[in-house]
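Undergrad: Here's the letter readout for the chains.
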Amino acid sequence: MNQPFSRRKFLKLTGAGLGSSFLGGCGNGFDWESFFQKNFQEMTSAEKNRVVQRLEKKYSGHYGMPVSVSATPARENTVFGYGLDLSLCVGCRRCVYACVKENNISRDVQIHYIRVVKMAESERNLEKADHYYSPAKVPEHGSYYMPIQCQQCDNPPCVKVCPVKALWQESDGIVAIDYDWCIGCRDCMAACPYRAMKFNWRTPHIPKNEINGETHFLGNRPRVRGVVEKCHLCIQRVREGRYPACVEICPAGARKFGNLLDPASEIRMALNHFRTFKLKEELNTQPKFFYFFSLG
Amino acid sequence: MESFFLFKRGILPRLLPHFLGNGNLRLSSLVVVLFCLIQLFGTIRSYSSETEFFVVPPVAFSSDYFPCSECHKDLEANPEKRNLHQHTEIVYKDHAEDERWCLDCHDPADRDKLLLTTGEKVGFDASHKICWQCHGSLHNDWQHGIHGKRIGNWDGRKQYYLCAACHNPHTPAFRPITPEPPPVAPEKTLKRRDK
Numbered sequence: 000m001n002q003p004f005s006r007r008k009f010l011k012l013t014g015a016g017l018g019s020s021f022l023g024g025c026g027n028g029f030d031w032e033s034f035f036q037k038n039f040q041e042m043t044s045a046e047k048n049r050v051v052q053r054l055e056k057k058y059s060g061h062y063g064m065p066v067s068v069s070a071t072p073a074r075e076n077t078v079f080g081y082g083l084d085l086s087l088c089v090g091c092r093r094c095v096y097a098c099v100k101e102n103n104i105s106r107d108v109q110i111h112y113i114r115v116v117k118m119a120e121s122e123r124n125l126e127k128a129d130h131y132y133s134p135a136k137v138p139e140h141g142s143y144y145m146p147i148q149c150q151q152c153d154n155p156p157c158v159k160v161c162p163v164k165a166l167w168q169e170s171d172g173i174v175a176i177d178y179d180w181c182i183g184c185r186d187c188m189a190a191c192p193y194r195a196m197k198f199n200w201r202t203p204h205i206p207k208n209e210i211n212g213e214t215h216f217l218g219n220r221p222r223v224r225g226v227v228e229k230c231h232l233c234i235q236r237v238r239e240g241r242y243p244a245c246v247e248i249c250p251a252g253a254r255k256f257g258n259l260l261d262p263a264s265e266i267r268m269a270l271n272h273f274r275t276f277k278l279k280e281e282l283n284t285q286p287k288f289f290y291f292f293s294l295g
Numbered sequence: 000m001e002s003f004f005l006f007k008r009g010i011l012p013r014l015l016p017h018f019l020g021n022g023n024l025r026l027s028s029l030v031v032v033l034f035c036l037i038q039l040f041g042t043i044r045s046y047s048s049e050t051e052f053f054v055v056p057p058v059a060f061s062s063d064y065f066p067c068s069e070c071h072k073d074l075e076a077n078p079e080k081r082n083l084h085q086h087t088e089i090v091y092k093d094h095a096e097d098e099r100w101c102l103d104c105h106d107p108a109d110r111d112k113l114l115l116t117t118g119e120k121v122g123f124d125a126s127h128k129i130c131w132q133c134h135g136s137l138h139n140d141w142q143h144g145i146h147g148k149r150i151g152n153w154d155g156r157k158q159y160y161l162c163a164a165c166h167n168p169h170t171p172a173f174r175p176i177t178p179e180p181p182p183v184a185p186e187k188t189l190k191r192r193d194k
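In the order they appear, the protein sequences are chains A and B.
Residue numbers for the first sequence, in numbering that gives the first Met the number 0: 0 to 295.
Residue numbers for the second sequence, in numbering that gives the first Met the number 0: 0 to 194.
The shape of chain B in the complex, shown without the other chains (with noise of 0.2 Å):
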């Protein structure tokens, strides 16, 4: 994966047409190619050293709804776009719901797991799984720790938060929260002390 993010963001695409252009590699070329490697290859030795981390789960699932399979078993898979009845807390929504329902991410044989374009089944700790597939850039971000929330050592032993922690993976939206109160403003405080 960090050599994807090097590619993406790193020196090897901006000289990349200088070679395909030229038709027969010159030897200035090689050289460069050589410099791009070594830089490539020192680049992805510093960020492997990177210390160890675990992730923090997602917010748990409710006994009442978990395994899913208890209900689901029974139940045949539908398809079709509908309103819920019995998930009334599902919202799908400001999520390219046009395109995506249920069962493109839930696995309909398996009603406890997840289900990767590839094929893959992933249980739903592992639900970022999902979300990188189209979430490339975010992912990277996140990867790297400049996306998403992390606790723990800042040079150690670190949490890093899942998607699922902070976005509801049905309205992925930041949901807005309530502020903790204001300062006291300076004239608040005069008034006070006349008292």
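Next up, chain A with everything else stripped away, as it sits in the complex (with noise of 0.2 Å):
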């Protein structure tokens, strides 16, 4: 047998030529590590160390300024509930702006969690709501305003329909969503009758000096296009103890927070004593988000 090239050697030859072609076309720039990320709630706490600090990294060389992430997990014995008064709410959107600069929303192509809308007083269908509404000062005679953000349901629509796993509620109540596992097929904001889901058609635009670098794997942490997000009642305040940016800065003292498993927590003392109502109450999605009315 004299062959200069066995089968066998033929088979090994190319086989290596392919694999090093691939690797070696993929290898500079391309990130392995994030191509076989899992899910977040598959991760072991030291795959979510891992992945933590890799974002770290990139996010601070990114915007030239340290960005810290966090994955600090669910607190025991709580569930955040958020309630929103309507006798005091001026509609003056104070919120909807703190929450776009806490939680690096994009501005450009804007994005707001929270809408504020405005109603004539008499009204109660949502179909005559105005949004747009920007008049010297606030609030109107004649008029109510009520805001409206992602309402944390204890049934949640938008969990049911995705298909890969990617949204999931949290032992603390907050719906999650793990922004590398979205893939945007945007079923979760057909899903959702409070319109709660924002979907990111470009790749985030926030000013670098504006970044908050204060972040959080599952809250504020920059996202890239294709993916959707909502508001996560600031998860990376609150699993801090702190409160949530859209409750700190109302100028009204509207927007109430805390733990409902407290029986002396400020949300249950303002469910125990006012006239309360969860939105779109009748679909079943039960709301951690209630509407109530201190005054009158």
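Since the hints were made in silico from the structure, they are not lab data.
Treat each hint with caution, since some may be false.
[Stated by the list, open to error] Taking lysine to aspartate or glutamate and the DMTMM-like style, the derived pairs with C-alpha atoms no more than 25 Å apart in a straight line are:
1. A:K100 / B:D154
2. A:K277 / B:D140
3. A:K136 / B:D154
4. A:K136 / B:E88
5. A:K127 / B:E186
6. A:K197 / B:E186
7. A:K277 / A:E169
8. A:K100 / B:E88
9. A:K136 / B:D93
10. B:K92 / A:E139
Fit the two chains together into the complex; they arrive one by one in their own frames, and the hints show the way.
TA: Here is the structure:
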């Protein structure tokens, strides 16, 4: 047998050649770790740490400032509830822009987590609501204002429809999104009766000097084009024990936040003592976002 | 204050006529009373476990006006209702002005202090004590965090805003403010993209 090139040798060489060209082609700049990154729910804490460190390095390099990414887990015996006092809301939209700033939301191709609608005093039909009011001063006589954002449902339709389990409910009640796992199908946008889901049609544009460097993996870390996002109750703040940004900015003190399992919390006090309703309660989404009337 | 809160809104006032109307307290009533007491004190304990807080002082006075005694020490206190020529910034309106005037809250003897109906003097940094003489239910709500604004930690150290931080004591209705710009309407976004 005097074969110069055996069949075995041919296959070996071809395989090696193809493999090396594939690796070499993708080698520069291709991030294997992020390619094989798991769903956040399936990561072990060691894996979470590694991912968080990689993201911190990536974001800090991109924005030229220290950006921290945390993966703080939910606290035990905590279910977050949110209350909004419609007697006091003056419709000033301070919450909308505080939220944009806190959560690194795209400015150009505008995304707002909170929509504030104006309604005539006698009106209860949301189809008659006005999003684009801009008088010189608010509140105007004869109108009331109703901010609408993610209602953190206990029976969330967005979670049900997500085909890739990029959306789920955390044990503290926050409906969270893994932005790396989202495929951008927008089924959740169609499913949500509150229009809480927002889609990044373009790469989010945030001025570099306005980046909030304190981020959470499931919260305000920078997003990319083609993923959905929504209010997450400022997960980066509330898991550290702080109030959400919209609560702190509200000049009327109309926004209440707290632990629904703590009978002395502000939200429980409000629910116990005032007239309360849930938005679109008949859909059985079971929101943990309550509207109440402290006066009258 | 907590016990008052419970008394006003709790189970006790509803049951009270039941005891009073009977003339003699029966054993079952006693059991109910004991049950109520246990409820009451149990709840109080859970309330008093509330976390520490401190208050945000209201807007500071400008040095032009404070201390008040600097000018007022030579002036005799005038209880009459009149237009204030010096303090043009003070308009006392929409706050039961027919019933009250300056010296119902300001101490005529010590101009740097406010005067409670009990005769106790309080500083301007405790002006909320003046307010809750009439607005008791709102004070209750404020104490439990359901009226007024708080910042800080939802489960820890937090700041309470005092009445005067949001309400001008002389014209206490919430003053209208300029709203932030409305969101960009979708049709406008489309137009911009077409350019």
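Undergrad: Checking each numbered hint in turn, tell me which of them this model violates, lowest number first.
TA: 3, 8
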